[in-house]
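Quick mapping for you: the protein sequence lines, in order, are chains A and B. The numbering of the first sequence is the working numbering, which starts it at 61 and goes up by one. The numbering of the second sequence is the working numbering, which starts it at 61 and goes up by one.
FYI, nobody ran anything at the bench for these hints, they're computed from the structure. The C-beta atom is built at its ideal place from N, Cα and C for all residues, glycine as well. Possibly wrong hints are sitting among the right ones.
Unchecked claim - Partial list, derived from the structure: chain A residues whose beta carbon lies under 8 Å from chain B:
| id | residue |
| --- | --- |
| 1 | Thr332 |
| 2 | Gly335 |
| 3 | Pro336 |
| 4 | Asp340 |
| 5 | Asp443 |
| 6 | Phe446 |
| 7 | Arg503 |
| 8 | Tyr536 |
| 9 | Gly537 |
| 10 | Ala599 |
Number of protein chains: 2
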Amino acid sequence: MSEEMFVPEWTKTPPQPGSYRSITKIGRPDQIKVPSNRYFALLKKELELDDAYFAEKCDGNQPVGPVPPSNLDNSVLQELTGIVGSENVRTDDYSRVKYSYGKLAEETSPLKRGVLHEITGAAVHPRDKEDVKKIVAFCNSKKIPIYVYGGGSGTTKALLPERGGITLVLNTHMNKVLEVNELNSTCRVQAGCMGPDLENALNNAPGKFNTLHRFTEGHFPQSFELSSVGGWVVTSGSGQASTYYGEPVNLVLSVEVVTPRGVINTIDYPSTATGPRVMDMFKGSEGAFGVVVELTIKIFRYMPGNRRYFSFIFPDFAKAIEAAREICQGQFGLPAVLRVSDAEETDHAMQMYPQMASVEWFLKTRGLLPGKRTLCMGTIEGDRDFTALVGKKISRIAKSRGGMSIGARGAKTWEKERYLSFLIGETVTDYNILMETVETPVRWDNLHHIHDYVMAYAHSVPGTMCISHASHFYPYGTNLYFIFGIKGSVEDYIAYRTGLVDAMVKAGGTPSHHHGVGRLMNQWMESFLGKEEMDALRAMKKHFDPNNIMNPGGTLGLDIPDNLKR
Amino acid sequence: MSEEMFVPEWTKTPPQPGSYRSITKIGRPDQIKVPSNRYFALLKKELELDDAYFAEKCDGNQPVGPVPPSNLDNSVLQELTGIVGSENVRTDDYSRVKYSYGKLAEETSPLKRGVLHEITGAAVHPRDKEDVKKIVAFCNSKKIPIYVYGGGSGTTKALLPERGGITLVLNTHMNKVLEVNELNSTCRVQAGCMGPDLENALNNAPGKFNTLHRFTEGHFPQSFELSSVGGWVVTSGSGQASTYYGEPVNLVLSVEVVTPRGVINTIDYPSTATGPRVMDMFKGSEGAFGVVVELTIKIFRYMPGNRRYFSFIFPDFAKAIEAAREICQGQFGLPAVLRVSDAEETDHAMQMYPQMASVEWFLKTRGLLPGKRTLCMGTIEGDRDFTALVGKKISRIAKSRGGMSIGARGAKTWEKERYLSFLIGETVTDYNILMETVETPVRWDNLHHIHDYVMAYAHSVPGTMCISHASHFYPYGTNLYFIFGIKGSVEDYIAYRTGLVDAMVKAGGTPSHHHGVGRLMNQWMESFLGKEEMDALRAMKKHFDPNNIMNPGGTLGLDIPDNLKR
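Start from the sequences, fold in the hints, and give me the full structure.
This is the structure in C-alpha cells:
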C-alpha cells in the first residue's frame, strides 16, 4: 500500500444545518475524525471489506423530514405553552427528531438514512425547576409520557420516546453552575449543565466565584463534551479519571428530583445515619422515577501543573493486569487515569496513532511483540509530592512485572485524542460500518475468564473486529470495555452485539459497567438481577410514578413483556 | 483534694453471672473502668454532686427475674424448635432479657434496677442462613414480629421488642469469616461475625486463609468489641479510622438479605450501571426490611509497622478545624484517624488521662491555655512512604495554623484507651449518673454554628456537662459528637437529651451521623427527612415486609403516630 492505496471519500466537512447528520454527528460540527490510512487498512482486513464495498455511501446530509405529525392534543400544547412560553414548546420536525435520539450506532445509522423510530410529540425546554414541577404535575394528571434529554450522549436507546408524549430538554436553560462552595469543596449545579461548562466554571472559580483555589469536577467520561451532570448520575456513569476521583454515584452529595409523587430534596451531608438514603434510589434510575433538576456535587482542587503521565508496554495482558492490581491494592494512593489495553487493542493503537510507530523498532528489540504486548498508561493528579510518590511507586511496580516505560508519550497522545478517537465510529457509519461498545465490571478473579470468553465469541463471527481494555480500576477489580465493529446491516450488528452481551453475562459480567441499561440492556435485567431485585425496582417505580409516565416503554426492563427477556 | 478526698465505692469486680449487671456491662466482664480521682472531681463539680449523692447505689448484681411469661403459643415454639433445634430456642428469663436490650443508658440504668421494658418471647439462635429463611417465612405466615440481635451494642433502642415476638440472635452461630479473597481484596463473612473475630482472622490471614498478605477491615467503631458486621451496615455506622478507610455503607460490596418478600442476593462488583442498586436500600435499614445474613466486604492490607501517630495542641477550636479542613482537602492522602476535641473536651482529656498532666506546664508557657486550647490527633496508615508523606504534610499544615506538636503521646494514649474510656459511663450509672452521646454530620460552613448552638443549650441546663469533638472527616465536612452527663432521674436525662437533639437538628444537623435512628431518633425523622422521603421509605417497607413483622413498633419512625413526631 502507498500511492495506489484505495481510500474512501470520507466526509470531512461539517454537517449541513438542518440535516440528519447534524443530529447524528458526535462532537462539535467542525470536529471530524477519519481513520488514518494504516488504521483503515487494518479495518478493511478485519472486517473483510473490499474496495467495492465503499461504492454505497450515505452521510446523512439530506434535510430532516417530513415526519409523522405529533399526536399530542392542541389543548396539551396550549397547557405546556402556558407553563414555559411558546418559544419553549417545539413541535417542528427537526426538534422532534433531534431530541428523540441518543448516539448508539443502532440509532444513528438508520437515522442518517432517514429511517425514523417513534419520535416525541414536542420538545419542551423548561426554564427552571419550577417549570419542571408544573409540567410533571400536569403530565401526571393527563397520563402523558415524559422523556428527559440531558446532553443526548446516551448509547442505550434511553431517549427513544416509545410511547410518544413529550421530551423535556434540560440543557437549553437549566444548565447553570449555581454555587461553588470553597469551604465545603462542593458545587451546586443544575441538572442540564454540560461537562465543559461545569469544568470551565470550576477551573476559573477564582474569577467567577471569588474562590482562592481553582477546582475540577474529576469526572471526564468519553462523552464529556456531550453529556450533562444530571445524566451522569441517573445513568451510573463513570469517567476516565474515576480510579482516583470516583464515580458520579459517589461524587453526588444531594439531589433534587421532581417525581409524579412529589419533590424529593435530599440533604448534602457526606454521611448521615438516618435510614436508607432515598437519594441512592435515583442513582441509575434513568428517568424512570422522576426528573433530577439540581445536584450538589463534590469538587476537587485543580492542580494541572502537578499532573504526571506514565506509559508502559508489558510483555502480555496478564502481566499488565497484575501490575494494575498491585498499584490499586498498594495503599499508597491511586492514579487518576489508569488504562490497560489487551494485545489486540494495543496493536490497533499502534496503527491508529502514527506517533506510536516511532517506538516500534525499539519494542521489537526488547522482545515486546505485536499480538502479545500490551499498553498500560495513565495520569496522576493531586498534590505535587503525592503525584511524585505515586509515580515512583507505579514505575517500580510496572518494572517488576516486566513493563517497559515509553515515557509520557502514550498517555499524552491518548489524552489529546480522548474525546476525538470515537468520532471515527461516527464517520464510518456513512458506509454502514457499525462500531460500538459493550462493557462490564469484573473482579480480578474473573477478569481473564470474562475477557477470553467474550473474545472467543467475538472471533467466532467472521468479518468482525473486537478489542478490549480495562479503564476503571478499584482495589477490588476493574471493568472490561469491548469495542467491536461489523459491516453491513443493522440486524447483523444487533445479532453480534447480542452475542457479545450474552457471552459477557454468561461468563459472570453484568450488562453494563457505566453505560447504563436504557432499552438496550433491558432484556438481560431480570435474569441478571433476579426477580426479587426487579420486584424491588418495580415497587419503587410504582411508588414514585404510579401512572408510568416517566420514561415508559422498556427502560431498565421494568415494563417489558416476558418474551423480550433473555 | 488528696488523702481526705471522698471517692465513691466504684464497683471494680466482674458482674455476677446471671445478674442484670452481666447484661448491662459493656466490654469483657474483667474490663472495668472507673473515673480517675481528677476526673471524678471534675464530674462532681460539673454535675453539682455532693458526697451525700453517692449514698444510694445499685450495681445490678442481683439476679435477673422473675419476668412476665412469654406470650408466644406453644405451637409457635414447637415450629421454631423444629427449624433450629430445641437448644437454639431459648425462653428462659435471662435469655429473654439479655437479647431485648442495647446499651443506651436509658435502657441499661433502669435495667440494672430490675425495671423491665417489654421483652422478647424467645431468643432464637439460627444456625445458618437457611434457618433464617425458614424462620422469616414461618413468622411472616403467622405475623409474628422478628427483632434481630447482632452484637447488641446499639444505643438507639433498636432492639427493644415493642411488639413481643421473637429475637433472632446472629452472633451465636452465624459468626464466621467464610472466605478471604486476596486477589479481590474482599472477604465474605456472616452477618453475626463480631469485630474482633473478623479483624483477628484478617490480621492472621496468611496462616488461616493461606494468603500472602495480612489484612485489616479498616472499621473500628468504639463498639468494635461488641458489634457485628451486619450491624455495622444496617445502622449506617462509622468507625474511628473512617477518614481513610470509609464507612460500612461504602465498605460493603454485596449483601444477602432475607426479607418476608424473598431473598435478595446482590452481586459483589464495586460498580455496575444496571439501575438503582437494591443493596443500597438495606444500608441503614435497621432490620425493618429484612435480615442481612451474609456480606462481601472490602479489606485492606494490614501494615501496622507503617502506622504513624500525631498529636497537636491548637490555640483554639477554630484553628484546629481549619487545619483539619486543609488536611482533608489537600489532595495528598488522608489520615486514618483524625480527631479534633473542642476546648471543653480537651480540658476533660487532661483530667481523664494522668499521662497528659506532664505536658501541662509546657503548654502554659506556650500560651496554650485551658478553656481555649484544643487537642487534635490521629493516626496514618498505608504504605510506608505514603504514611511518611501524609505525616509530613499534616505537620506542616498544623504548624501553619498555630498547632504545637506534643508527639505521638496523645494519639497513642487515646488508641490504648479507645474501647475502654466509654466504660466509665457504664460504671457511673450505678449512682444514676447518666452519660450518653448525640451526634450529627456537619458541613464546614455550619460546623461552628451547630457546635455553638448545641453547646448554648447544653450549658443552659444547670448541673449537666457536655463536651464535643469531631472524629469522622471528609473533604466536605465532618461530624460533631456530643458527650453529655446528667445526674438523677431517667426523665431528666431524656429531657436533656431531647433538648440537645432539638438544638442539633434546629441548627442544621441531622438526628444522627452514625449511631442510627432506632426508636430513639424516630420522633425527628419525618420533620427532618420530609414527608416525601418518609413515604419512599414506607413504600420500601411495604414492599419488603407487607405484614410489618420486621422490627415493628417505631424503628426509623416508619409506623409511629403523628403525636409522637417532633
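Closest C-beta approach of Asp340(A) to chain B relative to 8 Å, hint status: holds, 4 Å
Would you settle whether the hint for Arg503(A) is holds or violated, based on the nearest Cβ-Cβ distance to chain B being less than 8 Å? holds, 5 Å
If you take the shortest Cβ to Cβ gap from Tyr536(A) to chain B, is it below 8 Å? With Cβ-Cβ at 5 Å, under 8 Å, it holds.
Can you verify the interface hint for Pro336(A): is its Cβ closer than 8 Å to any Cβ in chain B? holds, 5 Å
Holds or violated: Ala599(A) as interface residue toward chain B, Cβ cutoff 8 Å? This interface hint holds because 4 Å falls under the 8 Å limit.
Less than 8 Å between beta-carbons is the criterion; does Gly537(A) satisfy it with respect to chain B? At about 6 Å, which falls below the 8 Å cut-off, the nearest Cβ of chain B leaves the hint on Gly537(A) intact, so it holds.
How about Asp443(A): closest beta carbon in chain B under 8 Å, or not? For Asp443(A), the interface hint holds, since the closest Cβ of chain B sits about 4 Å away, which is under 8 Å.
Does Thr332(A) meet its interface restraint, that is, does its C-beta lie within less than 8 Å of any C-beta in chain B? holds, 4 Å
Going by Cβ atoms only, is Phe446(A) closer than 8 Å to chain B? Because about 4 Å separates Phe446(A) from the closest Cβ in chain B, which is inside the 8 Å limit, the hint holds.
Restraint satisfaction for Gly335(A) [CB to CB of chain B, less than 8 Å]: Holds, about 5 Å.
In this structure, every one of the numbered hints holds.
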